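*Asks:* So the chains spell out like this:
Protein chains: 2
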Amino acid sequence: MRPLDGNEDAPMTTQIKQVEVFLFENPSAETPKGFRDYFGTEVTERTEMLAKIAEVYHRYGFDPLESSAVETVEALGKFLPDVDRPNEGVFAWQEEAEGERPGDWLALRYDLTAPLARVYAQHRNDLPTPYRRFAMGPVWRNEKPGPGRFRQFYQCDADTVGTGNVAADAEVCAMLADTLEAVGIPRGDYVVRVNNRKVLNGVLESVRSLVPERVTDNTDWDELKVGILRTIDKFDKVGRSGVVELLTTGRKDNSGAYIDGVGLPEYCVEPVMDFLTAKSEIQSVTFDRLRNAVGTSTVGAEGIRELEQIAALLAAQGYGPDRIVIDPSVVRGLGYYTGPVFEAELTFEIVDEKGRKRCFGSVAGGGRYDDLVKRFTGQEVPATGVSIGVDRLLAALRAKGRIGGSVSGPVVVTVMDRDRMADYQAMVSELRSAGIRAEVYLGNPKNFGNQLKYADKRESPVAVIEGADEKARGVVQIKDLALGARLAAEVETNEEWKAQPAQMEIARGDLVTEVAKMIARTNVYHVNEEVLDI
Amino acid sequence: MRPLDGNEDAPMTTQIKQVEVFLFENPSAETPKGFRDYFGTEVTERTEMLAKIAEVYHRYGFDPLESSAVETVEALGKFLPDVDRPNEGVFAWQEEAEGERPGDWLALRYDLTAPLARVYAQHRNDLPTPYRRFAMGPVWRNEKPGPGRFRQFYQCDADTVGTGNVAADAEVCAMLADTLEAVGIPRGDYVVRVNNRKVLNGVLESVRSLVPERVTDNTDWDELKVGILRTIDKFDKVGRSGVVELLTTGRKDNSGAYIDGVGLPEYCVEPVMDFLTAKSEIQSVTFDRLRNAVGTSTVGAEGIRELEQIAALLAAQGYGPDRIVIDPSVVRGLGYYTGPVFEAELTFEIVDEKGRKRCFGSVAGGGRYDDLVKRFTGQEVPATGVSIGVDRLLAALRAKGRIGGSVSGPVVVTVMDRDRMADYQAMVSELRSAGIRAEVYLGNPKNFGNQLKYADKRESPVAVIEGADEKARGVVQIKDLALGARLAAEVETNEEWKAQPAQMEIARGDLVTEVAKMIARTNVYHVNEEVLDI
Chain Y
463 MRPLDGNEDA
473 PMTTQIKQVE
483 VFLFENPSAE
493 TPKGFRDYFG
503 TEVTERTEML
513 AKIAEVYHRY
523 GFDPLESSAV
533 ETVEALGKFL
543 PDVDRPNEGV
553 FAWQEEAEGE
563 RPGDWLALRY
573 DLTAPLARVY
583 AQHRNDLPTP
593 YRRFAMGPVW
603 RNEKPGPGRF
613 RQFYQCDADT
623 VGTGNVAADA
633 EVCAMLADTL
643 EAVGIPRGDY
653 VVRVNNRKVL
663 NGVLESVRSL
673 VPERVTDNTD
683 WDELKVGILR
693 TIDKFDKVGR
703 SGVVELLTTG
713 RKDNSGAYID
723 GVGLPEYCVE
733 PVMDFLTAKS
743 EIQSVTFDRL
753 RNAVGTSTVG
763 AEGIRELEQI
773 AALLAAQGYG
783 PDRIVIDPSV
793 VRGLGYYTGP
803 VFEAELTFEI
813 VDEKGRKRCF
823 GSVAGGGRYD
833 DLVKRFTGQE
843 VPATGVSIGV
853 DRLLAALRAK
863 GRIGGSVSGP
873 VVVTVMDRDR
883 MADYQAMVSE
893 LRSAGIRAEV
903 YLGNPKNFGN
913 QLKYADKRES
923 PVAVIEGADE
933 KARGVVQIKD
943 LALGARLAAE
953 VETNEEWKAQ
963 PAQMEIARGD
973 LVTEVAKMIA
983 RTNVYHVNEE
993 VLDI
Chain X
463 MRPLDGNEDA
473 PMTTQIKQVE
483 VFLFENPSAE
493 TPKGFRDYFG
503 TEVTERTEML
513 AKIAEVYHRY
523 GFDPLESSAV
533 ETVEALGKFL
543 PDVDRPNEGV
553 FAWQEEAEGE
563 RPGDWLALRY
573 DLTAPLARVY
583 AQHRNDLPTP
593 YRRFAMGPVW
603 RNEKPGPGRF
613 RQFYQCDADT
623 VGTGNVAADA
633 EVCAMLADTL
643 EAVGIPRGDY
653 VVRVNNRKVL
663 NGVLESVRSL
673 VPERVTDNTD
683 WDELKVGILR
693 TIDKFDKVGR
703 SGVVELLTTG
713 RKDNSGAYID
723 GVGLPEYCVE
733 PVMDFLTAKS
743 EIQSVTFDRL
753 RNAVGTSTVG
763 AEGIRELEQI
773 AALLAAQGYG
783 PDRIVIDPSV
793 VRGLGYYTGP
803 VFEAELTFEI
813 VDEKGRKRCF
823 GSVAGGGRYD
833 DLVKRFTGQE
843 VPATGVSIGV
853 DRLLAALRAK
863 GRIGGSVSGP
873 VVVTVMDRDR
883 MADYQAMVSE
893 LRSAGIRAEV
903 YLGNPKNFGN
913 QLKYADKRES
923 PVAVIEGADE
933 KARGVVQIKD
943 LALGARLAAE
953 VETNEEWKAQ
963 PAQMEIARGD
973 LVTEVAKMIA
983 RTNVYHVNEE
993 VLDI
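Protein chains in written order, with my numbering: chain Y, 463 to 996; chain X, 463 to 996.
No lab work stands behind these hints, which were simulated from the structure alone. Check before you lean on any hint, since a few could be wrong.
If chains are identical, the list can't say which one is meant, so a pair holds when it fits in one copy or spans any two.
Claimed, not checked - List time: in silico EDC-like cross-link candidates among lysine to aspartate or glutamate, alpha-carbon distance up to 16 Å: (1) K495 - E557; (2) K862 - E643; (3) K696 - E557; (4) K908 - D879.
It should be emphasised that the depicted structure is a prediction, and the values quoted were computed from it without experimental measurement.
Can you build the whole structure from these sequences, using the hints too?
*Replies:* The following block contains the structure:
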């Protein structure tokens, strides 16, 4: 907090100098638009989840990497990965010039893949090949914030760089399944779906062979292809019939607006529809249907072979279709990836803000991309990986009651006699030594009611009270605040309240044991309450 | 990695537009100047240390807070806390204008205290008072990078906001001692020193009463005070006689340059020297000396009373002077803080880069500052807290061999027959299920030597080998790579190497048990090696 005044020679950015005038005039205490703070259990629960994920990633041989939050704009490139949000920028600024040389442009990373590309290109001689790495941390997007959409959020990625072997893809899928179970999503509540961009490429070749010349005369094939890819991307939203309409003559959307079609004759649409709807309960049937969809395409056949290999590798490790399934209807990211594509979906229903039941949906996605470091070195380096949507996964775990619920507030030792602070400190010292979260009330102790209000705000399970009388008799009062709150809701009069059994007198020597018992009781109640709620 | 091309209407910052031209011309794969990447155990060890610290902070009733990395420049203020590095700036940029309204200036946080001030001012109605919070995460400084000095680094803070009670200061000191022990600094290897700015204020009053009018006629007292404070700050470097010289006539420094003195007559210097050298083995003697130094100053007496209270509270909890000591020679931060000041020092010797033995020194510091949110609300809100130098503490633990040393690389299952990938995957699956870190070699398996080189680079403890012959006989080879490396250093010829016992044949069914044994053996060796090294 030492002011920079008196250090006028300090090298500060020109930007800062321009705004100096604002600095001391009633600054408003607000996060910048689109940013937020995370408090208490919000932080703890995320930290704990990330630790569980890291444990699985590490066990799979992935090494942690923490790159800097700041990259040169040059190294970062002008790419953004998320197809759903194309119009995003980055937060960028220019370094001060050094003599003649203009300052570099720096920016906050917008994902963890672009930094991986830079790291791999920079350190490739020192890193093992293949290089398995995981990274977790915030990324920043300079986009318009919206409800629930922030400009800083967490990503959690694992990638294998430097191998084209589909065993790497299979491994990432298995790891994703294990990770979901490790954080508390039970088997049956999730499924990892696998598709392959190469199969789609085969389908496109198959379509091309059907397209009559009069169509390609008017429209360039590359343009048609872009139209088909865009349409496939909408399969999730518009469904089977919608895709057929959009690939052919066009479609009226929900708002009544008419969306032009791609202009394919209806019989050319068949391979696309065969592809999107190929999934069968019987895996061999899925593959047969895909073979039908790609026709004679070489790349299509290669794509199917890759999916078969992935399925076989996973089966050998005991990952059946109850956990990981070949599903060509997975279209998200197909435009971005170059080989296998994966998506993890939670299959249970939740009740949304509007009281409607809906499937929770996707919490992770990934795939193979083979041009990771090409920008830097010219070399094609194959890579495959997955990114977990940390905040969505946390929301899912909260919705299912898999995290939270147990007591997290500290025991509060109240101050009855401010001259005996040392006694109260000794109590919390004992409690802490036994691993019990505890604190002395450090505000103004005059008003005892305020101390209990404070304990409430802290979600404290137990308050400890030792007045002069208790001190003299070698006892303390302990108060079950959770039980007290429940009783308060049920009793009417002050007399009843006073008669309630939430407070008990114990020997000072039994403090740790009795407080521990009271907390355990509260935790049991919490658990029961949850069980009843579900 | 989806290019933004074709989204020309995307709202991007003007900055980005200016640099578009550079983007595709051979970007260089480098971190920006002053930034670095952290790999593998560097990340794990920090994460583990932070988790241990968080556990202690949490037990003391502190709640985690994660504020955004980005703040408005307005909220951040133009302050920097670290007296040793005054000429620092921040990384800042301007948001795009919205119509008439110019965009806000945003910046990366330069510490965790300025955001705490903003958070407390913003959320004060919802937060408990007092508010105990801890925060850990990167901060950014726009300063000239130097060797070992980075523009992004970790801080780890705990603060209690909203109480002037010295019990809060005592608590922070106790917590700091517990934290150091929790991360692996044994009792005796550290000491937390406590001083008080108020005592220094008393000393200054005492000096003032001695200063003859002819001195204050020529020099303003406030100027003299600044000179005395600056000099005290140098006590660490110039020692007792240096301080006396600097307070009086001046001093020749090591480079031969003459530093002007503050100009006090020698007899006026006495209270300052009494203060700085007041520490005695007997605490009551320390306090007597301090009383002597502050003379009749009220604030000085108050400061001494606070230190006595802190000492008494700590003694009641069993923290003796072997862990926490009242030491008026602690001067770092005295200019910044308004009340008690703490510093944690590691007392063991290490050997520095130049082979010289030296004390490891300070790893944490803190104190009381009472103007935390005043800028925002006008209110004085007292606060006290501590900041741990995460990187220095990690360096200390490494220097003492308290972290690292055990095996962290994965077991590598080699690929002898690329068609049997499923067999190899099944092996790693078994190992992982038993909690053993393991992976299949996913590079090109043609050259077996490359697979072993890869395993070496991964610091793999064990390689697993199963060729067609082994498969047929139901066995696998496991190779102790750590032992292999040691033997290789000791043997001369290839024959001896081949004869060495680092490789053994085991039944396929015993894979998990035998690999676990081999890793355990390696870990024991590592530990012994360390014990011998120290």
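*Asks:* Evaluate each hint against the coordinates.
*Replies:* Consistency of the hints with the structure:
1. K495 - E557: between (24 Å within a copy, 10 Å between copies)
2. K862 - E643: So K862 and E643 pass the 16 Å test inside one copy only (13 Å; across, 38 Å).
3. K696 - E557: This pair counts as neither: shortest intra-copy Cα distance 42 Å, inter-copy 33 Å.
4. K908 - D879: within (9 Å within a copy, 78 Å between copies)
Of the hints listed earlier, the one the structure fails to meet is number 3.
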